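Student: Okay, here's what each chain looks like letter by letter:
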Amino acid sequence: MAKSWRFLIPLIIFGALVILLVIGLGKDPRKVPSPLIGKPIPEFSLPELTDTGRTLVDDDLRGQISLVNVWASWCSSCRQEHQALMVLSENPDFQIVGLNWKDDAQDALSVLRMTGNPYDRIGYDPDNDVGIEWGVYGAPETFVVDQQGIIRYKHIGPVDRKVWEETLQPLIAQLKAEG
Amino acid sequence: MIPELGHIALILALLLATAQAVFPLAGSLTGNRPWMTMARPLAYGQLVFVAIAFLALVEAFLTSDFSVHYVAVNSNSLLPDIYKFSAVWGGHEGSLLLWALMMAGWGAAVAVFSRYLPLPVVARVLGVMGLVAIGFLLFMLLTSNPFERLFPVPPEGRDLNPLLQDPGLAIHPPMLYMGYVGFSVAFAFAIAALIGGKLDAAWARWSRPWTTVAWVFLTIGIALGSWWAYYELGWGGWWFWDPVENASLMPWLVGTALIHSLAVTEKRAAFKSWTVLLAISAFSLSLLGTFLVRSGVLTSVHAFATDPERGLFILLFLCVVIGGSLALYAWRAPDVSEGGRFDLVSRESALMLNNLIFVAFTVLVLFGTLAPLIYEAFNLGKISVGFPWFNKMFVALAPFLALLLGIGPAARWKHDSPWRLTKMLWLAFALSIVLLALSSRESISGGDFWVPIGIALAGWLLFSHLTIVRDRLKHKKQPLWQALKADFSGNGRSFYGMVVAHLGVAMFIVGVTMVSNHQIEKDLRMSPGDSHEMAGYRFEFLGAQKVNGPNYRADRGHFRVYRGDRQIAELYPEKRSYLGGGMPMTEAAIDAGFFRDVYVSLGEAVGGGDWALRLYYKPYVRWIWLGAVLMALGGTIAVSDRRYRSASVRSSAPAAAATAPA
Amino acid sequence: MMTRPTLPLLPTALLLASLLSGLLFGGVAAAYTLEEFEFDSPAQQEQFRELIGKLRCLVCQNESLAGSQAELAQDLRNEVYEMMRAGQSEDAILDFLVARYGDFVLYDPPLKPSTYLLWFGPFVLIGIGAVVVIRTLLSKKTTPDQPVTEADRARIDELLNADQTADQTADRTADRD
Chain A
2 MAKSWRFLIP LIIFGALVIL LVIGLGKDPR KVPSPLIGKP IPEFSLPELT
52 DTGRTLVDDD LRGQISLVNV WASWCSSCRQ EHQALMVLSE NPDFQIVGLN
102 WKDDAQDALS VLRMTGNPYD RIGYDPDNDV GIEWGVYGAP ETFVVDQQGI
152 IRYKHIGPVD RKVWEETLQP LIAQLKAEG
Chain B
7 MIPELGHIAL ILALLLATAQ AVFPLAGSLT GNRPWMTMAR PLAYGQLVFV
57 AIAFLALVEA FLTSDFSVHY VAVNSNSLLP DIYKFSAVWG GHEGSLLLWA
107 LMMAGWGAAV AVFSRYLPLP VVARVLGVMG LVAIGFLLFM LLTSNPFERL
157 FPVPPEGRDL NPLLQDPGLA IHPPMLYMGY VGFSVAFAFA IAALIGGKLD
207 AAWARWSRPW TTVAWVFLTI GIALGSWWAY YELGWGGWWF WDPVENASLM
257 PWLVGTALIH SLAVTEKRAA FKSWTVLLAI SAFSLSLLGT FLVRSGVLTS
307 VHAFATDPER GLFILLFLCV VIGGSLALYA WRAPDVSEGG RFDLVSRESA
357 LMLNNLIFVA FTVLVLFGTL APLIYEAFNL GKISVGFPWF NKMFVALAPF
407 LALLLGIGPA ARWKHDSPWR LTKMLWLAFA LSIVLLALSS RESISGGDFW
457 VPIGIALAGW LLFSHLTIVR DRLKHKKQPL WQALKADFSG NGRSFYGMVV
507 AHLGVAMFIV GVTMVSNHQI EKDLRMSPGD SHEMAGYRFE FLGAQKVNGP
557 NYRADRGHFR VYRGDRQIAE LYPEKRSYLG GGMPMTEAAI DAGFFRDVYV
607 SLGEAVGGGD WALRLYYKPY VRWIWLGAVL MALGGTIAVS DRRYRSASVR
657 SSAPAAAATA PA
Chain C
4 MMTRPTLPLL PTALLLASLL SGLLFGGVAA AYTLEEFEFD SPAQQEQFRE
54 LIGKLRCLVC QNESLAGSQA ELAQDLRNEV YEMMRAGQSE DAILDFLVAR
104 YGDFVLYDPP LKPSTYLLWF GPFVLIGIGA VVVIRTLLSK KTTPDQPVTE
154 ADRARIDELL NADQTADQTA DRTADRD
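These protein sequence lines map, in sequence, to chains A, B and C.
Position 157 of the first sequence, counted from 1, bears residue number 158 in our numbering, the numbering being contiguous throughout.
Position 630 of the second sequence, counted from 1, bears residue number 636 in our numbering, the numbering being contiguous throughout.
Position 120 of the third sequence, counted from 1, bears residue number 123 in our numbering, the numbering being contiguous throughout.
Hints in this document: simulated from the structure, not taken from any laboratory.
One thing to keep in mind: the hints can contain errors.
[Unchecked claim] Cβ-Cβ distance ranges computed for the label pairs, FRET-style: (1) M589(B) x D161(A): 21 to 31 Å; (2) A95(C) x L172(A): 44 to 54 Å; (3) T56(A) x D43(C): 40 to 50 Å; (4) G542(B) x Q47(C): 37 to 47 Å; (5) G243(B) x Q107(A): 34 to 44 Å; (6) K163(A) x H538(B): 56 to 66 Å; (7) H538(B) x A95(C): 27 to 37 Å; (8) E65(B) x V134(C): 37 to 47 Å; (9) S73(B) x K163(A): 35 to 45 Å; (10) E166(A) x L585(B): 37 to 47 Å; (11) E344(B) x W122(C): 33 to 43 Å; (12) D161(A) x P534(B): 19 to 29 Å; (13) V134(C) x L35(B): 37 to 47 Å.
Bear in mind that the values here come from a model prediction, so they are computed numbers and not experimental data.
Note that CB positions come from ideal geometry on N, CA and C, so glycine has one too.
The whole structure should be built from the sequences, with the hints applied where relevant.
Tutor: Pasting the structure below:
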């Protein structure tokens, strides 16, 4: 009976909706993908947090693989990932560059004194000038930049063991292989 | 001790709801009368125990019992008593309890007002409502217990979100939930009819007043929410197409379609399976809204603290309730007969188009709300869908609805002639064209294309409905006014209710059109003693001083507003810091009027006694909500029609039971 | 005598009362931080307001830059303001933000292949609905007429108005009240 098919349509639509919602439950709607993936890093120049006499510029991110980590002393998730960064800082395959974002230099330095400094260099960006260039909308965020200075990946939220093992480590291995 | 009592009461309510779902339904299938007669007492019992739980939570709030986790998070000892009370539903757990209370209240109301329904129908309706109640009570007990204790007991509570410390928002959720939950009655009637296989005009007549009452509550609830957003959020907007707003709009749109479709089913026995589908959909969308708001799948300014575990539970619940009923529909609806035949030009056709448009609106809202999810699910990227998209879509469809709305009520059932309709409505149409021409002039339209269209459509609704009323009364011997009075107190209530509601639409259109196109907004810096002219009003700033509220400190600005030389208002906008912490709140001051609001909000102190300020002039903004009030009033008048009254009300005593503590 | 229809009167009355009290006393209330921006002309100010109304505050979840108090929103407002003061066009400003934050920063998604689904999808669905309705309307003439029969009506009345006389008396008392 062709006619009774019609009455199944609402159930089918509902089924599709449920599938959609199940997928939706597993995603975080707050994450906004960056349009900068695959693009060269923006030009910038920032004083360094640890030594304001020196400047950090975009060229410092070329020639080796870098993790650019956006952090601030007021950001609690940054503390959460701090330990992971400390461990990663021993890895010779890449440098970790900090972007101290919308922060107070004294507060930021005291956090580093207390918990250790995982960063090779830290740019100090209290007014979000460079943050806007990089499309930063929260902390922590972590960008993976390849040897040519191309942004290859952006992780939103704290880096932990799972993120490292499942995403960052394979990516860095691949970048290394690409040379 | 009392919170534990509340917890136990909830568990008992769950047991009663389970019994209410099992015995009457089973009884109605096996013809076991004693089991069927259990439906009513069980419904009353469920209400009693949910009410006890609710009162226990109220008590915990009023006595500031911070050993209860939910109270500690949502209240504070400095909170004024009225907000301690409304804080009961200020968070996820308590609002669920309110929902459950209303569910039980509606169930008890059905039990009271169904004395002349056949027993199997009552048993099935209450059984289905029991099933739904099980879901909510279980949800609360398993994932969101409002009576959970907190140890160690904090000395002070975290305070109710300052945005919610407001009379508008204190009554908005109860109204909204009355509407959502009210649709469960129409839903239960539909499921009962599908189970019983008896889908006829009698079913439509039983469902109709219940549906209308639920729709009235929902209308009021949405209007209150919009009004609240307007004055509390401080940017002067009244609707932002936020997912949470959309979640309340979808059941309203389908509910509106349902009210109209039920009319056809009652009068002409047509659209039967369609009406049943709408009844299922209206409640399903209420449930879906709950899921969207509480599961965290979508982002919204006012979503509840979300939790995927809760999301999963509601999703399972949705699958059981909606999936089950749609499966039942797919199984039983093919046997439903087609109903009365009608011609292309007829009231039925007009109402069918009405339903098409309302369902189209619903599809738009659902699609727009879920589009970010669809894109993400198929890895199509992150998409932004916001107010511009919805506005464009709605503005594209709404004029068709308004045009149709002027014709539909004039058409006759079953068959009408285009010639007769033309003869009847040409004058109204001509008058609206005149209005279109008049309001196209620069001085009124301000050069905007939508202003004359909006005004002409509103005029068209007004003129055509006046024509329709006159046409209805033309054979009466009395003078028009007396005939109107006699007809109104006679059998005409549902007709006049419709007219009033439709005029509410006209008013709403005027409000939206004018405020969207003619509002004025200014950001300023003013020193005490400064004056500023805007839209013919002069705002004089007299300075700001510190004041203390019960649980906040504030800077309060002082303004005098003049029209010409005459002072028309003194306004005191505030910037408040609540002692409970959080962001400072800018409390706007509004001088409201029938034709315009003037609105001042205080920004930052910018040094030297100067303040940053924002001024608004909002023409006709109040017509938006007054339009909604008229719609709700129309619904109320319609339910008071004699034929529902005689059908449902036999005695005065039980009526009070229907008004659950809302 | 109480009748059920008085039930929705309560909320109607409540809303009416609150609206009227609003009419009389004005409302109070809101959440917006205004920074101080200086403009050369009211037109420029208007343009600025329009622009920040079109942009989404990324961290706030469905608030525009114009309406948000979040710090990031303030930074972006500042950025937009600086760019405007530097004489950049509206399109240049929007492009700048889109290049960094993606299309998501725009409230109004641009029309391009990836958004065809969004812009046209609903109309396809509605079109299908319209076709179904029109076909139903046209085919209605051939289906048999099964209106509410007299027997049905009698049954309804019997079910609904079991004691018609008692009821009418009750109604009349109600009317007098």
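Student: Next step is simple, just say for each hint if it's right about the structure.
Tutor: Evaluated hints:
Between M589(B) and D161(A) the beta carbons are some 30 Å apart, a value that agrees with the proposed interval 21 to 31 Å. Between A95(C) and L172(A) the beta carbon distance is about 34 Å. The supplied range of 44 to 54 Å is therefore violated. Under the hint 40 to 50 Å, the C-beta atoms of T56(A) and D43(C), about 35 Å apart, miss the expected range. G542(B) and Q47(C) have their C-beta atoms about 24 Å apart, which leaves the hinted 37 to 47 Å range violated.
The hinted range of 34 to 44 Å is satisfied by G243(B) and Q107(A), whose Cβ atoms lie roughly 41 Å apart. A hinted range of 56 to 66 Å holds for the C-beta pair K163(A) and H538(B), which are about 57 Å apart. H538(B) and A95(C) have their C-beta atoms about 32 Å apart, which keeps the hinted 27 to 37 Å range intact. Here the CB-CB span from E65(B) to V134(C) is close to 58 Å, at odds with the stated 37 to 47 Å.
At about 37 Å, the beta-carbon gap between S73(B) and K163(A) stays in the expected band of 35 to 45 Å. Evaluation of the 37 to 47 Å hint for E166(A) and L585(B) yields a pass: the beta carbon distance comes to about 46 Å. Our hint of 33 to 43 Å for E344(B) and W122(C) holds, since their Cβ atoms are close to 37 Å apart. In this structure the hint that D161(A) and P534(B) lie 19 to 29 Å apart at CB is violated, the actual value being about 54 Å.
At roughly 39 Å, the beta-carbon separation of V134(C) and L35(B) lies within the given 37 to 47 Å, and the hint holds.
Consistency note: the structure conflicts with the earlier hints numbered 2, 3, 4, 8 and 12.
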